[in-house]
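Assemble the whole structure, with the sequences as input and the hints as a guide.
Note that the protein sequences, when read in sequence, are chains L and C.
Everything in the first sequence is counted per the working numbering, starting at 0 for the first residue and increasing by one.
Everything in the second sequence is counted per the working numbering, starting at 38 for the first residue and increasing by one.
Please keep in mind that the hints were generated in silico from the structure rather than gathered at the bench.
Fair warning: there could be bad hints in the mix.
Okay, the calculated bits of chain C under chain L, using three or more residues with CB under 8 Å as the criterion [what the hints assert, rightly or not]:
1. 57 to 69
2. 102 to 116
Among chain C residues calculated to face chain L with C-beta under 7 Å, some are [claimed, not checked]:
3. 93
4. 176
5. 178
Don't be surprised by glycine CBs; every beta carbon is placed ideally from N, CA and C.
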Amino acid sequence: MPDGWDDEQLLAALRESMRARQVVPDAFVDIGKSAYAWHNIDAELAQLTYDSSRERDRDQVASTRSETASIRALTFTSACLTLELEVTDGALVGQVIPARAGTLETQTGAGAITSTPVDEIGCFAVEPIPASPFRLRCRMADGTDVLTGWITL
Amino acid sequence: MRDDPYVVALVTRAAGSDQGAWNELVERYAPLVWAICNRYRLSNHDIEDVGQNVWLLLVEQLGKLREPAALPGWLATTTKRECLRVVTTAQRLGTRLDDAPEFVDDVMIDEEILRAELDAGLRAAFAELPPRCRQLLSMLISDPPFTYAEISATLGIAMGSIGPQRARCLGRLRRSDALIALGAGDCTANTPGGGPGA
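Structure follows, in structure tokens:
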């Protein structure tokens with residue numbers, strides 16, 4: 000806070016500070032407030048260990064361009080399980096390894112949650128592809144509870 | 038930048054399970070996130086995308102921030118990284134061809150942090166003023182400004198009292214805890230490129 004400001008300068012600074020808040024849409028602020036819904040979720044966090052789009056960036060110099068339409072593949076790993084994902088045209092398909100049955104919850108940043116069954120060989124399909132960003136929570140029948148980081152496609 | 042005990046307390050409460058404290062943090066720093074996104078000239082849709090990611094990442098970091106006072110810097114760095122992600126994706130897809138990111142450097146980011154802290158301090162100080170002062174100052178800073186005659190009629194005070202009351206209210210604003218917390222006499226806030234803690 001500049002000490003030497005006279006009243007005119009202080010008023011101008013106050014006007015500017017109010018303007019800086021007014022130009023920010025309320026919807027933008029509300030998105031930030033609703034993010035708190037994901038505070039203190041009690042599940043083990045799985046880390047992103049493979050992302051085909053990053054590999055592609057790295058290999059771009061050496062590779063041909065024939066794979067531009069390739070499928071995006073992601074792998075998340077935690078101590079208890081590995082989650083393999085593929086993004087196809089209209090769905091997000093994947094498998095839980097080691098295979099086991101349970102429920103896959105898709106949580107969007109806006110707070111919506113949808114559930115998808117995971118069959119006994121660990122496979123699932125989420126349709127349509129959730130709006131980014133989203134995260135996945137694997138609640139398996141054996142009690143394993145794992146949450147991925149935020150995914151933006 | 039000085040450690041603002043009020044912000045430190047907000048972070049600590051939000052790391053517990055205080056939605057109200059979290060909302061205050063978002064209100065306080067949303068303009069910072071917004072301003073940095075604008076430096077990258079993102080579309081409104083992309084700005085919302087970046088904002089959402091930044092706040093979601095902060096939710097995860099709440100309990101781990103070693104120095105809550107460093108929050109503005111953390112937010113600015115995270116916002117910058119998310120903006121660059123959006124811009125590089127768009128460039129790869131060929132939907133964005135300009136070179137905006139090259140013009141956003143760390144000096145600009147530091148300026149946005151300092152401005153955001155000053156603005157947030159001023160708004161917090163204003164909110165602490167008595168209602169009469171808030172009414173008067175609101176009319177004085179409105180655009181277009183009200184005339185003294187209009188202020189006199191609206192607030193029911195004599196024209197001759199407006200000047201002295203204005204001076205008294207601004208005096209209270211100057212002495213408020215929220216502004217003192219920013220570090221009175223710390224002129225780095227006014228110097229472009231002056232780093233925090235200089």
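Tested hints:
1. Judged by the Cβ-Cβ criterion of 8 Å, the stretch 57 to 69 of chain C is covered by chain L as claimed, because 6 of its residues qualify and three suffice.
2. Requiring three or more residues with a Cβ within less than 8 Å of a Cβ of chain L, the coverage given for the stretch 102 to 116 of chain C is violated, as only 0 such residues are present.
3. Here the hint on residue 93 (chain C) is kept, as its CB sits about 5 Å from the closest CB of chain L, short of 7 Å.
4. At its closest, the beta carbon of residue 176 (chain C) sits 11 Å from a beta carbon of chain L; the interface hint therefore is violated under the 7 Å criterion.
5. With a cut of 7 Å, the hint placing residue 178 (chain C) at the interface with chain L holds, because the nearest CB-to-CB distance is about 4 Å.
Figure legend: structure checked against the earlier numbered hints; hints not met, in rising order: 2 and 4.
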